[in-house]
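Starting from the two chains in their separate frames, assemble the complex, guided by the hints.
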Amino acid sequence: LAKTTQPISMDSYEGQEVNITCSHNNIATNDYITWYQQFPSQGPRFIIQGYKTKVTNEVASLFIPADRKSSTLSLPRVSLSDTAVYYCLVGDGGSTLGRLYFGRGTQLTVWP
Amino acid sequence: ETGVTQSPTHLIKTRGQQVTLRCSSQSGHNTVSWYQQALGQGPQFIFQYYREEENGRGNFPPRFSGLQFPNYSSELNVNALELDDSALYLCASRGTDTQYFGPGTRLTVL
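For the protein sequence lines, the chains are U and V, in the order given. In terms of this note's numbering, the first sequence opens at residue 1 and continues consecutively. In terms of this note's numbering, the second sequence opens at residue 1001 and continues consecutively.
In isolation and in its complexed conformation, chain V is listed as follows (with noise of 0.2 Å):
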């Protein structure tokens, strides 16, 4: 156990709606990153979080956005959903040195 949790675990939407995902990071982890797995791939890195600030952002549209909490709780939210949206969406808490992944949350879009 990593001690990141993620909610909720798995998710069914349609095409055009939006979605909220929800992580807790590790007690004392002030930095959160999200990344989004498909089907046979690797995580991409979408964005992180640091002390409530976006600080670095990888190559998403501007439709995925998040939000970090002063308890360093985070969201990402996605708008105007679409089919590839469909995905494994992790969240990592890093500490010193080295990210600790929450199980993710299943999203499917149809």
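Just chain U, same shape as in the assembly (with noise of 0.2 Å):
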């Protein structure tokens, strides 16, 4: 299973752009690239899927070039309510899809 490296904290002003890299150096071929949301002691809400290119919903984009061994998820305009933790995945579309490995993921801060 591939692994996800992601910085551990990142800060922002409301109404700015943020931009969150992970690296995933050991990609498979099958691996689908999936970001999450985390406020504490709450699930995990999914963000946004991708395998390739650029990939852009009502919440973030997902930007994922050729060699696909990085991606950056893109919030635009954050708010404060956009303060949690956010979590890179990488998994398969196949029956090991459910395990997935979570690091501890990116703390963004959203300040006034």
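Hints in this document: simulated from the structure, not taken from any laboratory. Glycine is no exception: its CB is placed at the ideal position from the N, C-alpha and C atoms.
In silico contact screen, one side only, chain U against chain V (beta carbon under 10 Å); selected entries:
id, residue
1, Thr34
2, Tyr36
3, Phe46
4, Val85
5, Tyr87
6, Gly91
7, Arg99
8, Leu100
9, Arg104
10, Gly105
Chain V regions said to be covered by chain U (calculated; three or more residues, Cβ under 8 Å):
id, region
11, 1048 to 1060
12, 1099 to 1108
Here's what the structure looks like:
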């Protein structure tokens, strides 16, 4: 299972764009890249998932270069409520998808 | 809301006791995974159930066991509780390519 490396913490201010980069050098051909958000004492919340190039939804964008060894989660115009831990995970679409490996995540703090 | 529910919300037990945690998966999801999250750490995979069979397990001792029922709901059982078992226990049900997590059960072992 491919493991991931991401910054332990990041700070931003309201209204700014935040980019969190994740390294996954050993990503396998079948692996998808998934990002979750977690608030204290709550379950992780799915944000976005992608395989290659760029994926965008109403919450975030995910940029994946051609070699897929890294990915960047982009949060446009963050607000105070975006303060949370963000996890980058890789896993395949088969039966082993259940075995998601969470690192320690990135603590994003948004300041007024 | 993910459609994944867990009960109870909070639980306090003493060392050596046994505990059962419950999870109802999102409608149509036949795969359920359980995770343990200690304070300040990311969730750690315990095991996964697919169509009532365990088909993947993390680095947890046998006193952590589970069940999945025909309606795809699931239980996590922990025997001989230890102080280090104090954690947030998360259940996730799997869609096509994504897992959706429940709110968790906070277990405190005294």
